[in-house]
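Starting from the given sequences, assemble the full structure and let the hints guide the process.
In order, the protein sequence lines correspond to chains A and B.
The first sequence begins at 1 in this note's numbering and counts up by one.
The second sequence begins at 1 in this note's numbering and counts up by one.
The set of hints was computed from the structure by calculation and includes no laboratory data.
Accuracy of the hints is not assured; some may be wrong.
To be verified - Restraint-style ranges between C-beta atoms, simulated for each label pair:
1) Phe-45(A) with Asp-94(B): 21 to 31 Å
2) Ile-519(A) with Pro-135(B): 44 to 54 Å
3) Asp-179(B) with Asp-54(A): 16 to 26 Å
4) Leu-348(A) with Leu-336(B): 42 to 52 Å
5) Thr-22(B) with Phe-316(A): 31 to 41 Å
6) Ala-18(A) with Ser-25(B): 34 to 44 Å
7) Asp-179(B) with Phe-45(A): 22 to 32 Å
8) Phe-316(A) with Glu-180(B): 47 to 57 Å
Unchecked claim - Chain B side only, calculated, beta carbon under 8 Å to chain A, not exhaustive:
9) Phe-33
10) Val-36
11) Asp-159
12) Ser-164
13) Trp-203
14) Ala-230
15) Ala-235
Unchecked claim - Computed footprint of chain A on chain B; a stretch qualifies when at least three of its residues, placed anywhere within it, have a C-beta under 8 Å from a C-beta of chain A:
16) 63 to 76
17) 192 to 202
18) 205 to 215
19) 220 to 228
20) 245 to 255
All C-beta atoms in this analysis are idealised placements derived from N, C-alpha and C, irrespective of residue type, glycine included.
The residues making up each chain are set out below.
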Amino acid sequence: MVGRGAAVTRRTTLALGAFPAAFLALFFVWPVASIIATGLVRGGFAAVGRVLGDGHLAGVVWFTVWQAAVSTILTIVVALPATWVLSRFDVPGRSLMRAATTIPFVMPTVVVATAFLALLGPTGLLGVDLQGTVWIVLAAHVFFNLAVVVRLVGGVWAHLDPRLEDAGRSLGASPWSVFHRVTLPLLRPALAAAASIVFLFSLTSFGTVLILGSPRLATVEVEIYRRSALLLDLPAASILAILQMIGVIGALIAYSRYQERHSVEQALRPAGETARRPRSRREWSLVVGILGATGAFVAGPLGILVWRSFTVTGRFGLDAYRALANGEVVSVGTAAGNSIGFAMAATLLALAVGMPAAVLVAAKRGRLSRWFDTLLMLPLGTSAVTIGFGFVVALDWPVDLRASIILVPIAHALVAAPFVFRSALPVLRTIRGSLRDAAATLGAGPGRVWREVDLPIVARVGAVGAAFAFAVSLGEFGATLFLARPGSPTIPIAIYRFLGRPGALNLGRATALSVVLMIITAAAVGVVERLRPPGPGLF
Amino acid sequence: MRRLIIAAVAAALVAASCSRSTESSVTVVAHDFFAVSQDVLDQFTNETGIEVTILLGGDAGLIVNQAVLTAGNPVGDLLFGVDTTLLSRALDADVFDPYVSPVGGVVPPEYRADGVTAIDVGDVCINYDPAAFDPGVPPPATLADLTDPRYAGMLVVEDPSISSPGLAFLLSTIVEFGDEGAYTWRDYWADLRANGVVVAPDWGTAYYGRFSGAGGDLPMVVSYSTSPDAEVAFADPPITSPTTAVMTDGCFRQVEYAGVLRGAAHPQAARAFIDFMLGLPFQQDVPGQMFVYPVRPDAVLPDWFGAPPITPNRLDPAVIEANRDRWVAEWLDVVLR
Chain A
1 MVGRGAAVTR RTTLALGAFP AAFLALFFVW PVASIIATGL VRGGFAAVGR VLGDGHLAGV
61 VWFTVWQAAV STILTIVVAL PATWVLSRFD VPGRSLMRAA TTIPFVMPTV VVATAFLALL
121 GPTGLLGVDL QGTVWIVLAA HVFFNLAVVV RLVGGVWAHL DPRLEDAGRS LGASPWSVFH
181 RVTLPLLRPA LAAAASIVFL FSLTSFGTVL ILGSPRLATV EVEIYRRSAL LLDLPAASIL
241 AILQMIGVIG ALIAYSRYQE RHSVEQALRP AGETARRPRS RREWSLVVGI LGATGAFVAG
301 PLGILVWRSF TVTGRFGLDA YRALANGEVV SVGTAAGNSI GFAMAATLLA LAVGMPAAVL
361 VAAKRGRLSR WFDTLLMLPL GTSAVTIGFG FVVALDWPVD LRASIILVPI AHALVAAPFV
421 FRSALPVLRT IRGSLRDAAA TLGAGPGRVW REVDLPIVAR VGAVGAAFAF AVSLGEFGAT
481 LFLARPGSPT IPIAIYRFLG RPGALNLGRA TALSVVLMII TAAAVGVVER LRPPGPGLF
Chain B
1 MRRLIIAAVA AALVAASCSR STESSVTVVA HDFFAVSQDV LDQFTNETGI EVTILLGGDA
61 GLIVNQAVLT AGNPVGDLLF GVDTTLLSRA LDADVFDPYV SPVGGVVPPE YRADGVTAID
121 VGDVCINYDP AAFDPGVPPP ATLADLTDPR YAGMLVVEDP SISSPGLAFL LSTIVEFGDE
181 GAYTWRDYWA DLRANGVVVA PDWGTAYYGR FSGAGGDLPM VVSYSTSPDA EVAFADPPIT
241 SPTTAVMTDG CFRQVEYAGV LRGAAHPQAA RAFIDFMLGL PFQQDVPGQM FVYPVRPDAV
301 LPDWFGAPPI TPNRLDPAVI EANRDRWVAE WLDVVLR
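Below, the structure is given as structure tokens:
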């Protein structure tokens, strides 16, 4: 505790906390509170009774919660083997594979849902029709969220000191018990962080459930949309939004308690030191098998999309890409430029919010920091309609921002900041107090300790978070859709607009643009990861 | 680029010499499927000196709801895209500053509404794929035919609690079979359900996901009367005649309106833009950009744009407003639960 306490004075707390707190208060708490209050004032208590008395609602709430829990467990089970291979082994194609698992994460749900239907829908290639069942919804959630586990858990796993495991093995423990007793406890904070994000994402899943699960399966999020879209039953939407928020806060509090109890201080090693070649033939086949299976799972739906982009007009060729290039409806160049520009702005904002918050929460314990932690994660679990409508009712004073283009990166940053925060927090918590103490004993002042010990680590986890934030922004669709935004669209919005128009070429354009988004994502994430600051590394 | 500069200079000159409006910009709020050719917009700017900003925000329902939430303190100056099914909600919430366009006489009387201006007209109709029917089975001709077991499991409709064409089709069946009597629309939908009607959440999922005319597996879909023509216009390799067709019975007419938002920063410019939307350049641009009919009968349609012989069902916006929520709730009970 000496190491922690000494580093954080009241003044640093204020300096670190001010911007994140102000950002969240202005662009999250205030808009969301305004729209919910508007709904409640309009509806009064009668609405509460009407909504909660609807027998159908209990089913929706129950489905929302259990599918989110099952999606989370399945995602971890499917992702963990791949995470292990990608973070501990030095095999060819590793970085390609890591980029590939990120692509599903940013693809617009509409597009991925169509791809899943092409595989598992009424005319699916695999010959089974799972449309409208929970199975296809779960599969899609695992597909989308794979990257969350691979990146958040991999970010720690790649830096675990291999000597710990070696020691266990040399003491005669089986590989399973080494994993169970040594590795897993060290990974727990990161696993919990990933699980909390996957859970929130699945809990508030909208497009996936709407397209793959309709008409009978609905999450609370789908119901909120249903009440807000054509019905304008704002009181009901507000009550559902509160209900959703209670669930999200509950999950987050449970998570942060768990996190505090289980974070372990340890020395992290550079990834280059921990990754090795597979040693035996058996190990090689295990590694190749895991990569192959995960690759097939990711490549299936993505491959369908690519294939369709070449065949959608009825003959094999570049017709769809030519139609896209002629710039009717939207120009690809503009949409791509918008997407990348917004993503850069959103990434900077998300870093400015998420990093100081993570440093602060990692260093301070107690109720305040726990609430801060929860508040920062809350936007992930809040419905996009609520945020979008909240902006529209609240952000007209003192400056009318409602029609301003800057709301787009701000909305993206709200969703991206939790990723920055969550990818940084587990790593920052593992910085050993003894390292700081040693530095202090050697005569370094608190500032110097921070510069020499914490900063290099902060910079590196910042890069992981930045890659995530960038990807989140590229794929963000929900909150953007509900903003009144100037005409030129982002790529996901452009895809949505093409899909709303009849004609084979418009479907073709939507599909081709999805492939363009895939390529931009892979390239962008690759570039952001290369931007990791160089320097001597603690890890 | 050079054209752009010339246009800008011309616009500036016109603005300097034109005293019709002292406002130099206007912000149009519309749904995501609003589209207009750039040269038509430039024409407006050249004539009036008013720069146009277009804000898009989701589908028709969402923009109307945004307007209701911000009534009196709007995000833009005029709203385009409030349709028959949502008009009364917007009027009841006092969203608009009533405006009667001096050129409003070009709008046929049947489409006129208080305070807002009709811009375009569309029909939500069943589309079918003739090739998907067995030789002995003629495609259905009326709504009533759809409950015939010969058409079991062939139709996909959109969920009226989520999708605007879905709601229009529900309203069409309500006009056709009535809300009271021995056989109501509820009975009709119960029969459709028994006959295996498929419900999709939105138009895109229904049309591109399920309709065999667009690559799916079901021969009939709720879409627009113009969709078959759009299939011709947006085909590559080109085709000369539509491969899908429209069932002319049971269509529902939707009129899309534009209105000046109450509290607009540029009300004069907003009115000027509404007048412009009734002018022939804009009206004749409507079919190719939005696949609906211009409201003006004298607008020339593109030659690929047919006009199927339809006598659509219509319903008064006030009646829709008074019953919509109940009807949708009843539909959910009959069809999904």
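Which earlier hints can't be squared with this structure? 5, 10 and 20
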